[in-house]
Each structure stands twice: as structure tokens, then as C-alpha cells.
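A.B. asks: Order-wise, the sequence lines are chains Z and H. Sequential numbering of the first sequence, starting at 13, is according to the working numbering. Sequential numbering of the second sequence, starting at 211, is according to the working numbering.
A few of these clues could be false.
Each computed DSS-like pair below joins lysine-lysine, with the alpha-carbon atoms no more than 30 Å apart [stated by the list, open to error]:
#1 H:Lys433 with H:Lys367
#2 Z:Lys104 with H:Lys253
#3 Z:Lys104 with H:Lys573
#4 H:Lys367 with Z:Lys104
Bear in mind the hints are in silico, worked out from the structure with no lab data behind them. Note that the structure is a prediction, hence the values are computed from the model and not measured.
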Amino acid sequence: MFRDLWASRELAWRIFVRDISSQYRQTFLGYVWAFLPPLISSVTFIFLNSQGIIQVTGTGIPYPAFALMGTLLWQVFMDALQSPIQSTAQAKPMLAKINFPREAILLAGSYLVGLNFMIRLVLLIIVMLWWQVIPGIGLALFIPAVIALFTCGLAIGLILAPIASLYGDVSRAISIITQFWMLLTPVVYPPLTTGLAGTLVAWNPVSPLIVTARESLTNQPFTMLPQFFIVFGASVVLLFIAWFVYRVAMPHIIVRLGG
Amino acid sequence: MKSATSEQSLIPPASNRQLSTQSDQEVLVRVDGVSKKFCRSLKKSLWYGVKDILSEFNPFSSTVQGDGLRQGEFWSVNDVSFELRRGECLGLIGRNGAGKTTLLKMLNGLIKPDRGRIEMRGRVGALIALGAGFNPILTGRENIYVNGAVLGLSKRKIDAKIEGIIDFADIREFIDSPVQNYSSGMQVRLGFAVATALEPDILLLDEVLAVGDAAFRAKCYNKIGEMQRRAAVIFVSHSMQQISQVCSSILYLRAGQTKWLGDVPHGVAAYMCENAQSSAGGERTRSIQLPVQSALLMFTPTNLHFGECLTARLELKLESAMPDSSIRIPFYNPEGLVVAEWNSKRAGIRVDLVAGKNSLEIKLGPLHLGPGTYEIALVLNDATGVFLPFWSLKQHSFIVQGNIVGSCEYQIPHLDFHVSREPQWKL
Chain Z
13 MFRDLWASRE
23 LAWRIFVRDI
33 SSQYRQTFLG
43 YVWAFLPPLI
53 SSVTFIFLNS
63 QGIIQVTGTG
73 IPYPAFALMG
83 TLLWQVFMDA
93 LQSPIQSTAQ
103 AKPMLAKINF
113 PREAILLAGS
123 YLVGLNFMIR
133 LVLLIIVMLW
143 WQVIPGIGLA
153 LFIPAVIALF
163 TCGLAIGLIL
173 APIASLYGDV
183 SRAISIITQF
193 WMLLTPVVYP
203 PLTTGLAGTL
213 VAWNPVSPLI
223 VTARESLTNQ
233 PFTMLPQFFI
243 VFGASVVLLF
253 IAWFVYRVAM
263 PHIIVRLGG
Chain H
211 MKSATSEQSL
221 IPPASNRQLS
231 TQSDQEVLVR
241 VDGVSKKFCR
251 SLKKSLWYGV
261 KDILSEFNPF
271 SSTVQGDGLR
281 QGEFWSVNDV
291 SFELRRGECL
301 GLIGRNGAGK
311 TTLLKMLNGL
321 IKPDRGRIEM
331 RGRVGALIAL
341 GAGFNPILTG
351 RENIYVNGAV
361 LGLSKRKIDA
371 KIEGIIDFAD
381 IREFIDSPVQ
391 NYSSGMQVRL
401 GFAVATALEP
411 DILLLDEVLA
421 VGDAAFRAKC
431 YNKIGEMQRR
441 AAVIFVSHSM
451 QQISQVCSSI
461 LYLRAGQTKW
471 LGDVPHGVAA
481 YMCENAQSSA
491 GGERTRSIQL
501 PVQSALLMFT
511 PTNLHFGECL
521 TARLELKLES
531 AMPDSSIRIP
541 FYNPEGLVVA
551 EWNSKRAGIR
561 VDLVAGKNSL
571 EIKLGPLHLG
581 PGTYEIALVL
591 NDATGVFLPF
601 WSLKQHSFIV
611 QGNIVGSCEY
621 QIPHLDFHVS
631 REPQWKL
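Chain H on its own, in the form it takes in the complex (with noise of 0.2 Å):
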């Protein structure tokens, strides 16, 4: 694993790329060096606690911002820092018990660092745990006006709210019947319906969306994706699906640690490599070095009409061969669903790719695609089936030009079409 410094850019920002860096947008949030320590056996740690306390109130003190571990202590977010401008979507990601959740907790204010400093500007709007604040036996309708309360929104609010909050959620037959009768699903439909009808500057979201069904995902993205224009967004999720979709850079950590902090395939292809190995039980010591040295991607045109072509350029720079890879090249339609998809092992290909230079060109078409705006990703995945994505949906997409027929995105060609008065067939 290459430190996240010395890393030189592998993916150059496509010409449609959302320009996320721009340096004249407001940094929402600093993150400066901040470290947590955590105990492991519960006894410490509450004697721990009542110490922490009690020095709190003792000027003389130099243990609250202690750098020392004491026994049995560790440290659960060892020196993270980054920085989130208006408009981005930082996603976070590691294993479980890598220090997701509690750098999370310090953003939104809920526990203090034990070292660095946190800079929040806004409004902050966290769902760190959906439904935290319902109460089973009271009814969706009077849960949103407790939760709404919780999160800082005013009866007169709510009230302004409560119609669109309902539906957002999709739960009106079941909104006045108490929250103990709800699924999990509608539960998660609910929270996350109150909580972002609070518009905040900065959103926390934890792992929340993976209990929602598949349409409900794909709207809760879209309206990610709408509140990140004005509001910087920090994600966690363990689906590099979800990841790649949302955000446009990564903080990926593992046991409290930055390993990477910057474009989402590297962060994501880090992250793959770490699951990969130990899911393997250690057997097989895979290199956590990516084998790719460099790589550019590009897909021309970027606007087309039905019936067209489009045309997939990868340059690849390997330090060693991958034999019997694979390529796929996924359509994502604006909802974030895969639409269509080019699979080179479904065309019977064997993608052999060598040591040094690989110039790869694949001519896709023709598109029946109706018209509307497309997201592509190239996956590469080697010969054991560990991906590396070379994919952003914030990356490359093309237009379809034309008017709109029919309602389903991919239309299907058709070898003959044939009218006659007499029927040519019987049941």
C-alpha cells in the first residue's frame, strides 16, 4: 500500500468530472490531527471515564488531552485530518471497528477528541443511527414530531414539513399506526425522511441506507446527491457500490489509521485488496500493491444518438501480468440502477493483459439506449475474481440525444416486424 502522499494520480479527472476540488468553495470541515483512545475492558474504561471527568475539573490537570495510552487502552482514530469543501462527498471506509462510527460521533459532537482539533461551519444534520429517537408505541405521525424536535426543527416547521416528509418516506397508510408495527425498512424510510428534511450544511451518514429496499435506496441517492450541491457530505458504507456512487473522494481507514484519503478508486481497489486477503484466512498472501501502475480511462463520444456507438480507451500500466482477466463496463441510469452492461467473459473474451504497457479499445454499440444521461464504469477484475474498479460515476457519462419513446431506458432491437390481416397461427 503506497502512502497517500507519494501516490501519483492514476485516474486523470475526466472533462465531465465534477469539479468538487474548486478552491474558492468554503471548507465546511477541518479535521486537524484528531486522535480518540478507547479501553477494552469495560471496567477500565468506566473507571477511566469518572478519572477523564474529575481532571476536566482540574486546571492543573494535563491528562484530558493526554498523549499516553493507559493500560489496556487503544487508539480507536489514530491522527486523521482532512479537510470538506461545499459540494463534495467524502466517503468513509474501512473494516468494522476500524474508527468509522466514532470519528463520525466527534464530528457531529457527540464525544470529544482526545487529540487534535475539529472545525465544523453550519448547520450539521447527522443519521448515525436511524430512529434513535422513536418511541415504539406512538404513531409515525407523532414520532416525526418528536424526531423532528430532536433534530432541531420547530413544531411550525415540522408542520410546513410533515406532508412531504410522509411521502418522501412512502408510508402514508401506515403513518398513523404505532412505529412498533413498522418493518425495519419503513423505519429507516421515516428517519431518513426527517432527517433530511432539516437542510443541513454538513451531513453524517452512517451505514444507515443498507435496511432500505432497492427503490428507496436509489432515492435516498438522489436526494444525497441533491443536498451535496449545497452541503458537504460525509458517507459510510460498506458497499463500494454505494461509495462510488455518492462520493467523490475517500477516507479509508483501518484500526484508527489513514490509509488512503483521496480518489475513490484507489480508495476503494486499497479497501478491496485488505477484504480480499483476509477473507483468504491468510493463506494466500496476496500484494496489497495494486499491480497497476498507471491507467487512463476514456470513453468517447460523450453525446450520441439511439442506435450509436461509443468507444472505450484504457491505458494500462502493469508491473506484472494479469493473466485471464476480465473486463465490465456497467450503464448506470440517473436513479443509479445498472441498465445495461458489457461483460467480457458473456462475449467469450480473455482479457490477457501484460507487464508494461496494455492499450485496450472496445467498441460498444449499437446503444438502444432511449435518450437521457448515462454514468460508465470499467471494472477490472483479475483472474480470482478481486476487482479493481477503475469506475466513478462522478467520472464519465454520456448523453443520448433524441426524443423521448417508450419508458424503459433499454429498448430492444428487433429482427423483423410483420403486419398481415389473415392470422398465420392458432392456439
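Here chain Z stands alone, though its shape is the one from the complex (with noise of 0.2 Å):
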């Protein structure tokens, strides 16, 4: 497995190349699509909150930095789920066809989230520098933070891949159940600690993640460190599961889906 890994990353660099090249290429906004997503959605809750429709209480920093952080933090899970899915449906053809390590594709998708999430870090500083959000020691914990984040996305991602490639259904799934996810997770509001909400925060897994990510760049005391590690560690146990399961299951994929 790990020696597959390690002689795809060539072939995972060229793909990624290959991929980002043409993709620049054919779009004429190019890399504002990016930043598109996460820019709207964040916008609509900012909107909201100015105009008292729903009211947020308790970020600590403005809300709009707090709303954007939130969802540019969730589009890293979000984009890290969706890749394996992503890149298994584009490579079809030539998973059919020709026998490669297929950790290739997979590390090149992880290398167009790693990206984007860069990208994206410049309008994160933006905001930061706009709002003068001043991050303090805590700001060791991005880096990892971001990296749980992005690991949790891809093993959940990869554990669906599988079953995604054979039916349709489970791509179409994702995308409203992302929606609500979204919505259930402490993204554009804080965390909520009574009732049901806070229920499904406590054992939301993404949510400490999201939650301590977002800590690090305010200079906010950290409330859900020790959950963040155990997410962590889980997200890394599955990872490895999911890739081994999709390493097995991949012939018959390739027998079911034909050339």
C-alpha cells in the first residue's frame, strides 16, 4: 500500500497539473471560483444577522469574520469529502483501462484541495487583517486543525467512494445532506451547549474540528480540545480503513462499470 503511495506521487503530481492547467484553461473567471462558494454562503448568514432576521450572540469577533472563518473552514471538509468521490467518477476511463497505482488519483485530488484551501487562505487573511482579528499562541493548532479537518472530509469521502462510483445515488445524497450538515455544524454560529442543538453539536464530529480551527485564529480559549484529538485520531483509524477497502474494492468496480 504505502510503496503504491509512494511510487504514484509522480503521476499524482502530473495529473494535478494536468488537471489545474486545463482547468485554468477553459474557465474564464478561473480561481474566483474558489472563493465563490464559501464567499455566498457566508454572505447570506451575514445578511441575515445585519438585518436581525436571525440573531448570532456570542463569537466573540465580528460576526461577519466569524461567519466567513466558519465557512471557509467548512469548505476544507467539504472539499476533502467530495474529492475522492470526485476524482474516481473523472478517472473512470482510465481506471478502466489502464493499470496504475490508484492512489494517484486520489493524492492529486488531495493536492487541488490543498489548492484551493491556499487560495482561500488569502481571503481568510483579508478578512482577518479587514475585522483586525488578531491571532494569538493558539494559532499553533491551525496548521493541525486544518490538516483534522481535511482528514476527517477525506475518509468519510473515501469510505463512500466505492459504493459512489457504482450508484449515482450516494453523490446526489451527499449534496443535501451536506446542506443540513452544514447547518447542524457550529459553522456560522457557536457552538450551543442545552437542547437539541447542542446535542447534535456534542456529537457532531466536525464540529470540534471546525470549533478549535477557528479558536486558533481568533486568540479565543479552546473548549472542545480534548474531542478535537479523539476526532483526529478516529478520522486518521478510518483513512487508513477506507483506503484499504478501496484498494479491494476497486476491480470490481472496474468489472461493473466496463471500459
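Relying on the hints, combine the two individually framed chains into one complex.
C.D. replies: Structure follows, in C-alpha cells:
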């Protein structure tokens, strides 16, 4: 498994370069598309909040900054979740006809998630400068938190990828479920501790990741650190299981998909 | 159709036949009782796929190596076995849906057999689909790097080989324009050039050369022949001429089952019979069984000079008479192109073969062929045009000795040659 992963690094880089250079050549707005989804969804909530339609309090920092950070971080998770499914679907013709380390397409997809994150990081820095959010020592945990978000998303996406490439239902379900999931996660509001929402936050694996990542940026005390490490560890374990399942399932999937 | 085991050898090995069955050569491919089932219904197929994946993780499940067919399933490849050594080329023939591509995919490790075992030694290069990694927006040069990486070449290796690849594909003018502007033939050339740059031990080719033009196909056969010396080749084609030119043995599949495994002429003949039968719409039920019981074909001499003669001797033992048949003897140059031919119909000869022994002697010549090696075949057509080929380029060849004069193999003989100082005719 690891030898294949190592062997696929050059190929993954090639596929990655191919994907971005061909993407770039066929779009007019180019990387504006990397900013737009999180920007639009946070602008919605900023508007709702500023008009008093929904009241979000206890954010500690100006609400627009809070919402933008949340959605940018959530987008990392979403990208990582969709990446294995999308890369597998895109590489279908190649998978069915050429024997190459399958890790390459997953790796190339991960690079793409990384690149998109880098681009959004620029937006994040602008947001922080604008609202003068000054990170403290907690910033040290920002990179691990982002990696945790990525790992968690990738693990879930990878475990779903084999079934998703057989049944289109999975991808459709994911796009609906993740909409709800975002609202049930403290992305655009601070975590609640009471009521049904509190229970949902407590059992939602993504909430400690999002909350911790944002806290690391805003110099606030960490409130969900134990949960964060539990979810992080579990994600790593799940990622390895998913990777193994993916490898075993791939020949069966190619049979069913045909050439 | 006789079974593979009971078949007596009809074509004795000629003296100059390539020794492809040397026992000291290492076996590179060993396929042992391999089967694969497929499902006709997509819904069921997907569901079985889910079940198969799940049963992989169930240590108590025995359905992974399941022998039984589930509802709606059939054997796409059924109990196929063969061995292939370095230097051999196996031609895989059969009608559409006979399981050829499935078998190649299993050999390539893309899918797993449901039964049986496959052993492959060495680096495998497969051209199951040319240009599967091509991105239409990127240029040819960029695609060489991507495709090469997909096939397992490092950047440094591609750097070293890229000029050779471009030259072989012969698309230097277009190499920096997007692949979407390429013709399909150009894509095939590029794909073939990249794949053969791999220098594999085992080469799998799936009817890929059908798209290229004749000159490029000839180039490809040369390349395959060159690779064949150090590799084992498995070659799928619907062109019996291609198969006869390239292959040393044949695996003929029908509905996933081995119908013939062995020498080329018989495999081709059996396949042609099946095709002839089905294209006749079932009205004429021709016997698949060849009327030929045994055949001995010889060409002498194997070494001659410009303008000398060549004699073909054919001993045929037939089960039933073949009245009004015809014989064709094509001459191939090393590129595999027919440069000359003798045809009994052109010569106005009616060949009536009787049941039992037939002995034919055809003296051909004078051969106005330039120096070089020529390969010869003999094709026997019955009255309806179905041909029973006793041909394989690997089996019969002869050498014309002498100095090379002129650029064409066939030199037209002249009847008169006259030089005069005064013009004898005017425009």
C-alpha cells in the first residue's frame, strides 16, 4: 500500500498539473470559483444577521469575520469529502483501461484540495486584517486543525467512494445531506451547549474540528480540545481503513463499470 | 470443429520457422483455468458488485471464488488456460463479445478472475485503449508526459525518450497543439509510441492498430516484431492478415470458451468458418469441420537470384472434394506489404481438388524481385470464396541475393530497349 502511494507521487503530480492547467484554460473567471461558494454562503448569513432576521451572539469577534472563517473552514472539509468521489468518477475511463497505482488520482485530488485551501487562505487573511482579528499563541494549532478537517473529510469521502462510483444515489444524497450538516455544525454560529442543538453539536464529529480551528485563529480559549483529538485520531484510523477498502473494491468496481 | 487436443498437426514446421516453442525460454505468462462471470442487467450487476465487495471483507464468505452463476449472470471467460514464453506472440481472436477484452483486462490486473490463476512475470505494458490518459485541451507534448507517467515512466525517462516518441508517431508539426485537434489516427500513433517506449516484458495489444494508416500499421508491426524478441506479446485483432503476420500461435475464443489453442493457420481457418457461417444467416449450414485432413506446404529454393524461379509444392489430403477452388500466393516484403502475388484466377486456372490425396506443384517465375527477404503464404479459397489459409509469414520465406539496384522490390521486365540519336516520334 505505502509502496504504491510512494510510486504514485510523480504520477499524482502530473495528473494534478494536468487538471489545474486544463481547468485554468477553459474557465474565464479562473480561481474566483474557489472563493465563491464559501463567500456566497457566508454573505447570506451576514445579511440575515445584520438585518436581525436571525440573531447570533457570543461570537467574540465581529460576526462577518466569524461567519466567513466558519464557511472557509467548512469548505475545506467539504472539498476533502467530495474529492475522492469526484476524482474516481473523473478518472473512470482511465481506471477501466490502464493499470496504475490508484492512489495517484486520490493524491492528485488531495493536492487540488490543498491548492484551493491556499487560495482561500488569502481571503481568510484579508478578512482577519479587515476586522483586525489578532491570533494568539493558539495559532500553532491552526495547521493541525486544518489537517484534521481535511483528514476527516477525506476519510468519509473515501469510504463512500466505492459505493458512490456504483450508485449515483450517493453523490446526490451527499449534496443534500451536507447542506443540513453545515447548518447542524457550528459554522455560522457558536457552539450551543443546551437543547437538541447542543446534543447535535456534541455528537457531530466536525464541530470540534471547526470550533478548534476557528478558536486557534481568534485567540480564544479552546473549548473542545479533547473532542478535537479524539475525532482527529478516529479520522486517521478511518482513513487507513477507507484506503484499504478502496483498494480491494477497485477491481470489482471496474468490472461493473466496464470499459 | 475438432478439439484442441485431438488435432493432428497439419502444417509441419518449415526449416526457417521461428523457433518460438523453445523450452528453455522462460514462461512469462501462465494462465490457468481462468473464468470471469458477467451480468447482463445493469441493476443486478451493480448490486452483485456491492455484494462482491462486501464478501471480500467477510472471512467466512465463500462466494468470492464462487463457482455458481447468480441469476442473470453468464461466463464471459470460461476456463481459459495457456502459457506464453518470451519471444512468442499469441493472437487472440473471436467475434465481438467473445471475451477477448475481458481476458486482456484480467491479464493486465484491472479486474480479478472469479476462478483460476494468472501469473505474470516482468513489466506489463498494455494498450487496451490508446490515449485513455489524453486530455484533449493539453498539447501532445504535455500529454506525452501525462500518459507516460500513467504508464509508469518517470519524467527523466520520458525526457530521454520524447524525441524518439515524437519521431515514431511522426507528428512533430502538431506536437505543440492540443490533442483535441488531432485526428483519431494521430492519437493512435501518439498512444502507440508512448506505450512502446515502455519496453515491457509482456505487451498486451487490444485491436488498437485498426485506426492507423497502412504505413503506420506496417511500422507498428515492425515495432511489435522488434519488441517480440525480448517480450511476450498478446495481440487482439479482427484482421486475420494482421494476426497471420504477427502471431506465432492463436487462442480462438467463442462465448468465453477456448475453441482453438495452437498454430495460426488452423485458428484462423476455424474463425473464418464461424464468421462465414453466421454471415450466411444460417441458411447454408456449412460444416465447420475443415475438409482438410492434412497438408504439407513447401517452397523451394529458399535462396535465389534475381530472375530465378520458385516452386511451391502442396500436398493436401481432403475429406471431401473441393471443386472450382482457387489459390493465391502473396509475397510480402519485410514491412508486411504485399509486393507481388500469383493468383490462379488471374492465370485462368481452375483448381479442382478431389477427396483424398491432391498433389500440386506450382512453378513461379521468373521472379523479378530485388534482393531482400520475402515471406510467402498460400491461401486456398473454396468455390464460395471462404478461404482456408495455409499461411503464416513466420513459416515460409526466401531470400533473393544480389546487389540492391533501384528502390522498388518488383522490377518490371522489359521486352525491348533501343537508343537512337534521331527522335523517332513527335508530339
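A.B. asks: Each hint needs a verdict: does it hold in this structure or not?
C.D. replies: We went through each hint and held it up to the structure:
Distance check on the hinted pair: H:Lys433 and H:Lys367 sit about 19 Å apart at the alpha-carbon level, within 30 Å; holds. For the hint linking Z:Lys104 to H:Lys253, the alpha-carbon distance of about 19 Å falls within 30 Å, and the restraint holds. Between Z:Lys104 and H:Lys573 the CA atoms are separated by roughly 58 Å; this puts the pair beyond 30 Å, and the hint is violated. A distance of roughly 27 Å separates the Cα atoms of H:Lys367 and Z:Lys104; the hinted pair therefore holds under the 30 Å criterion.
Hint check: a violation occurs at hint 3 only; the rest are consistent with the structure.
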